[in-house]
Amino acid sequence: MTALVMFLIFVGATLVITYWAAQRSTGTAAYFAANRQITAWQNGFAVAGDYMSAASFLGIAGIIAFQGYDGFMYSVGWLVAYLTVLLIVAEPLRNAGKYTMADVLAYRLNPRPVRAMASLSTLIVSTFYMIAQMVGAGALVSVLLKGIGYNTAVTGVGILMVVYVVFGGMLATTWVQITKAILLMGGTMVLSFLVLAHFGFSLSNFFDAVGQVTYTENGQKVVRDFMQPGLRFKPPYGALDLISLGMALIFGTAGLPHILVRFYTVPDARTARISVVWAMALIGVFYLMTTFLGFGAATIVGRDTIAVNGGTNMSAPLLAKSLGGEVFFGFISAIAFATILAVVAGLTISASTSFAHDFYTNVMHHGREPKPGQEVRVARMAAFVVGAVAIAVAIVLGPTANVAFLVALAFAVAASANLPVIVFSLFWRRFNTTGAVAGLGTGLAASLALILISPSIMGADRALFPLENPGILSIPLGFLGAVLGTLLTREPAAEVKFDELLVRANTGLGAEPAGPLKG
Amino acid sequence: MEQWKEIAASSDFKRLVREKLRVVIPATLFFIIYYFALPVLVGYAPRLMQRRVIGNVNLAYLFALSQFFVAWGIAGLYLRAAARLDVLAKKITDRQAKP
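Sequence order for the protein chains is A and B.
Remember, the numbering used here sits 18 above the position in the first sequence when you count from 1.
Remember, the numbering used here sits 1497 above the position in the second sequence when you count from 1.
For the record, the hints were derived by calculation from the structure and aren't laboratory data.
Source: prediction; values computed, not measured.
The reader is advised that the hints may include incorrect statements.
[To be verified] Mimicking DSS-like on lysine-lysine, the simulated pairs with C-alpha atoms at most 30 Å apart in a straight line are:
id: 1; chain 1: B; residue 1: K1502; chain 2: A; residue 2: K239
id: 2; chain 1: B; residue 1: K1587; chain 2: B; residue 2: K1511
id: 3; chain 1: B; residue 1: K1588; chain 2: B; residue 2: K1517
id: 4; chain 1: A; residue 1: K515; chain 2: B; residue 2: K1588
id: 5; chain 1: B; residue 1: K1587; chain 2: A; residue 2: K389
id: 6; chain 1: B; residue 1: K1502; chain 2: B; residue 2: K1588
id: 7; chain 1: A; residue 1: K389; chain 2: A; residue 2: K116
id: 8; chain 1: A; residue 1: K116; chain 2: B; residue 2: K1588
id: 9; chain 1: B; residue 1: K1517; chain 2: A; residue 2: K116
[What the hints assert, rightly or not] If you only want the chain A side, here are some residues facing chain B, beta carbon under 10 Å, derived:
id: 10; residue: D88
id: 11; residue: A99
id: 12; residue: I106
id: 13; residue: L263
id: 14; residue: M265
id: 15; residue: R291
id: 16; residue: M298
id: 17; residue: Y305
id: 18; residue: L306
id: 19; residue: V326
id: 20; residue: G328
id: 21; residue: L415
id: 22; residue: F516
[As the list claims (entries may be wrong)] Computed Cβ-Cβ distance ranges for the label pairs, DEER-style:
id: 23; chain 1: B; residue 1: Q1500; chain 2: A; residue 2: P254; range: 55 to 63 Å
id: 24; chain 1: B; residue 1: K1511; chain 2: A; residue 2: A481; range: 47 to 55 Å
id: 25; chain 1: B; residue 1: S1563; chain 2: A; residue 2: R386; range: 36 to 44 Å
id: 26; chain 1: B; residue 1: K1511; chain 2: A; residue 2: F219; range: 50 to 58 Å
id: 27; chain 1: A; residue 1: F219; chain 2: B; residue 2: G1573; range: 27 to 35 Å
id: 28; chain 1: A; residue 1: G167; chain 2: B; residue 2: E1516; range: 55 to 63 Å
id: 29; chain 1: B; residue 1: Y1541; chain 2: A; residue 2: F402; range: 24 to 32 Å
id: 30; chain 1: A; residue 1: G204; chain 2: B; residue 2: V1567; range: 20 to 28 Å
id: 31; chain 1: B; residue 1: G1573; chain 2: A; residue 2: E344; range: 40 to 48 Å
id: 32; chain 1: A; residue 1: A410; chain 2: B; residue 2: V1537; range: 37 to 45 Å
id: 33; chain 1: A; residue 1: R386; chain 2: B; residue 2: R1592; range: 31 to 39 Å
id: 34; chain 1: A; residue 1: F219; chain 2: B; residue 2: L1518; range: 44 to 52 Å
C-beta atoms are modelled at their ideal positions from N, C-alpha and C, and glycine is treated no differently.
I would like the entire structure built from these sequences, with the hints used as guidance.
If you want it as C-alpha cells, here you go:
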C-alpha cells in the first residue's frame, strides 16, 4: 500500500515535470537536445540516472547477496567504464555531432549506409536494454503490489514512458532522470546507513558476518565466506567469462546510445567533460554502497528467505523491509520502480531520435526535412511504436524471462558494433565507409550470433560457445571487421575530410551552439 | 574546406593534438591494464587473491575497492590536464573568431 502511494507521488511529480517541459520546449534542438542548456551537475545526475538501472539497483544487490564477491565485479566494471567515456568519447562527440551517435560516424563518410547501420544498431541495443527493464518492472510490481498483474504493470510503464517522451522530449526525460537519481542515491544511502547501524557501526563486525554466510544448498546447511571470489565464476570457463564481461562493460558503455545522446544536451565540450566527472562521482559512490546492500541482504535477510520471497531481484527491497519496516519497504520499492521508469524513458528518446534523425531525415530524405518540424513529428510517432513493441515483447516473454542476458547483450552489442567505429572515425584518417559498415555489421552479427549459441540460450550442457558473455570474441571481431573493410577500399573524400573532423572534435570550432529556452 | 586544412596544419593545432594524445594515451593504457589485472588475477591467481589482509578483508576485495579510487584519481588528473588543453584550444578558436 505504502509502495503504491509513494509510487503515485513520483508519477505525479514526473507528470508535472513533463507538463513544464512541454511548455518550454519548441523546435527541433529543444525536443532532441533540451536546447543544449543542461548544466554540468544536472547532466552528471542525468547520466548517472540513465546508467543506474534496475540491473544495478536490484540486479547487482541480488547477485552479491547470492554469490558474494563475484557480484561486486559488476560494480567495479560499471564505474571504470566511464573512463573510456571521459577520455575518448564525450568531448569529440559534443564538438562534432548534433543529435545522435551517427552524426559523428557519418561526418566524413557516405552518410546513408553509415547512418542506416548505426540506426539499426541503436535500435537493437536500446530494445534489448528496454525489454530487460520492462520485464523487471512487471515482475517487481506483481510481487510488490498484489492485485496488479504483470501485464497491467508492463502496460502502465509503457504508457508513462511514451507520455514523457512524446510530450516532454529531452528536457522532461532529463529532469525525470535527475529526480530519480537523487531519490535513488538518497534511498541507497539510508539503506547502507541502516546496514552499518545493524552491525553497531563496526566494519569489522560487518566483514566478519560476511565471512560466515549461512544458507541451504541442495537441502544442506552450508556456511560460505562471501568475501572470497569464485561463487559465480567457476572453472573451467569462469576466468574467461569474467574477462569477457569486463570487456563488454569497459568498451560497451562508451557505445550506449542513450548515454551518448546526453552529451548533446550540454552547451559545450568542457561542460560535457565535467558532467562525466559528476556522473563518475555519483556512480562510484552508488556502486561502493552495493557492498552494503548485497552483503547486508546476505547476512541480515539471508539467501533462503530471499529465495522464497521473489528471488534475487528482491534482495534490496527485502533488506529495506527487515531494517526499516513496511514504510521503508514501500519507499525503496517505489524508488526501484521509478528507476525503471526513468531508464526506459531515456532509452525510448534515444531510439526514437535515432530513427527520426538518422533513418527518416538522413537516409530516406537525403538530409533534408520534407517539411519543417517533420523530424520531431516522426520521432514522436517512433516513440509510440517503440513503446508498443516493448510492451508487446515484454508481455510475450513474461515475468520469468531471464533478463540478465538481455542487458549483457546490449553492452556486448554496443562494445562490438559501436565502439570500434566511433574510435576509428575519430582517430584513423584512412578509415572509410566500407570499414564503418563492415565494423557495425560484423560487431552486430558476431555478438548476436554468439549470444544465440551461449549457455544463456542453449543451456549449459548443449551450448556451442561456453561463455555467457560474447565480448572477448565479438569485440575483437568488430574491430577486425572495421579494419578489413577499410583496407579493402580507398575513399579519398573521407581522408580529406579527416582534417575538418579532427579540428572540430578537438577545438569545438563550428560546434552546435546552445539555444535559449522559452521562459 | 581550405580553412580546416589550414588550421589542421598550423603549429598551434599540431601542438594541441600532440599534448592531448600525450595525456589520453598513457591514461587509457594505464586504466585498461589496471582494470583487467583484476579479473585476470581473480580468475588465474585465486590463491593469492584470497589472502586475508585486514581481519576478513582479502586482497581481492581491496584490489576491487582500489579500482574506484584509481578511476576517480585518473578522472581528477584528466580534469587538470584538460584545463591546460582548453587554453591551447582557445588560442586557435580566438584566432578564427577574428576576421
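Here is how each hint holds up against the structure:
A distance of roughly 72 Å separates the Cα atoms of B/K1502 and A/K239; the hinted pair therefore is violated under the 30 Å criterion. Distance hint between B/K1587 and B/K1511 is fulfilled; the C-alpha atoms sit about 14 Å from each other, no more than 30 Å. Only pairs whose Cα atoms come within 30 Å are accepted, and B/K1588 paired with B/K1517 is accepted, the gap being roughly 15 Å. Proposed proximity of A/K515 and B/K1588 is supported: the alpha carbons are some 23 Å apart, at most 30 Å.
In summary, the hint linking B/K1587 to A/K389 is not supported, as the alpha carbons are separated by about 38 Å, beyond the 30 Å threshold. Distance check on the hinted pair: B/K1502 and B/K1588 sit about 17 Å apart at the alpha-carbon level, within 30 Å; holds. Pair hint A/K389 plus A/K116 holds up; C-alpha atoms about 19 Å apart against a cutoff of 30 Å. Of the pairs offered as hints, the one joining A/K116 and B/K1588 holds, with about 24 Å between alpha carbons and a cut-off of 30 Å not exceeded.
Between B/K1517 and A/K116, the direct Cα distance comes to roughly 23 Å. Compliance with the 30 Å bound is thereby established for this hinted pair. Among the interface hints, the one on A/D88 holds; its C-beta lies about 8 Å from the nearest C-beta in chain B, closer than the 10 Å criterion. For A/A99, the suggested interface contact is upheld, since its CB lies about 9 Å from the closest CB of chain B, less than 10 Å. The restraint placing A/I106 at the interface with chain B holds, with a minimum CB-CB distance near 7 Å, inside the 10 Å limit.
Against a cut-off of 10 Å between C-beta atoms, the interface hint on A/L263 holds, since the closest Cβ of chain B lies about 8 Å away. Interface hint status for A/M265: upheld, as the beta-carbon distance to the closest one in chain B is roughly 8 Å, under 10 Å. With its C-beta approaching chain B no nearer than about 6 Å, A/R291 sits inside the 10 Å limit, and its interface hint holds. Against a cut-off of 10 Å between C-beta atoms, the interface hint on A/M298 holds, since the closest Cβ of chain B lies about 5 Å away.
A least Cβ separation of about 7 Å between A/Y305 and chain B falls short of the 10 Å threshold, and the interface hint therefore holds. A cut of 10 Å between beta carbons decides the hint on A/L306: the least distance to chain B is about 6 Å, and the hint holds. The interface hint given for A/V326 is violated, since its Cβ lies 28 Å from the closest Cβ of chain B, which is over the 10 Å cut-off. Restraint check, A/G328 versus chain B: the minimum CB separation of about 28 Å is more than 10 Å; hint violated.
For A/L415, the interface hint is violated, the least distance from its beta-carbon to any beta-carbon of chain B being 30 Å, above 10 Å. The criterion of a C-beta within 10 Å of any C-beta in chain B is met by A/F516, whose closest approach is roughly 8 Å, and the hint holds. Range check, B/Q1500 to A/P254: Cβ separation about 59 Å, and the 55 to 63 Å hint holds. A hinted range of 47 to 55 Å for the beta carbons of B/K1511 and A/A481 is consistent with their spacing of about 51 Å.
Between B/S1563 and A/R386 the CB atoms are about 53 Å apart, so this pair departs from the stated range of 36 to 44 Å. Under the hint 50 to 58 Å, the C-beta atoms of B/K1511 and A/F219, about 56 Å apart, fit the expected range. As the Cβ distance of A/F219 to B/G1573 is approximately 29 Å, the hint placing it in 27 to 35 Å holds. For the hinted restraint 55 to 63 Å between A/G167 and B/E1516, the CB-CB distance of approximately 60 Å keeps it satisfied.
For the hinted restraint 24 to 32 Å between B/Y1541 and A/F402, the CB-CB distance of approximately 50 Å leaves it violated. Between A/G204 and B/V1567 the CB atoms are about 27 Å apart, so this pair conforms to the stated range of 20 to 28 Å. Separated by about 42 Å at the C-beta atoms, B/G1573 and A/E344 satisfy the suggested range of 40 to 48 Å. Restraint check, A/A410 to B/V1537: a C-beta distance of roughly 42 Å satisfies the suggested window 37 to 45 Å.
A hinted range of 31 to 39 Å holds for the C-beta pair A/R386 and B/R1592, which are about 33 Å apart. Our hint of 44 to 52 Å for A/F219 and B/L1518 holds, since their Cβ atoms are close to 47 Å apart.
Of the hints listed earlier, those the structure fails to meet are numbers 1, 5, 19, 20, 21, 25, 29, in rising order.
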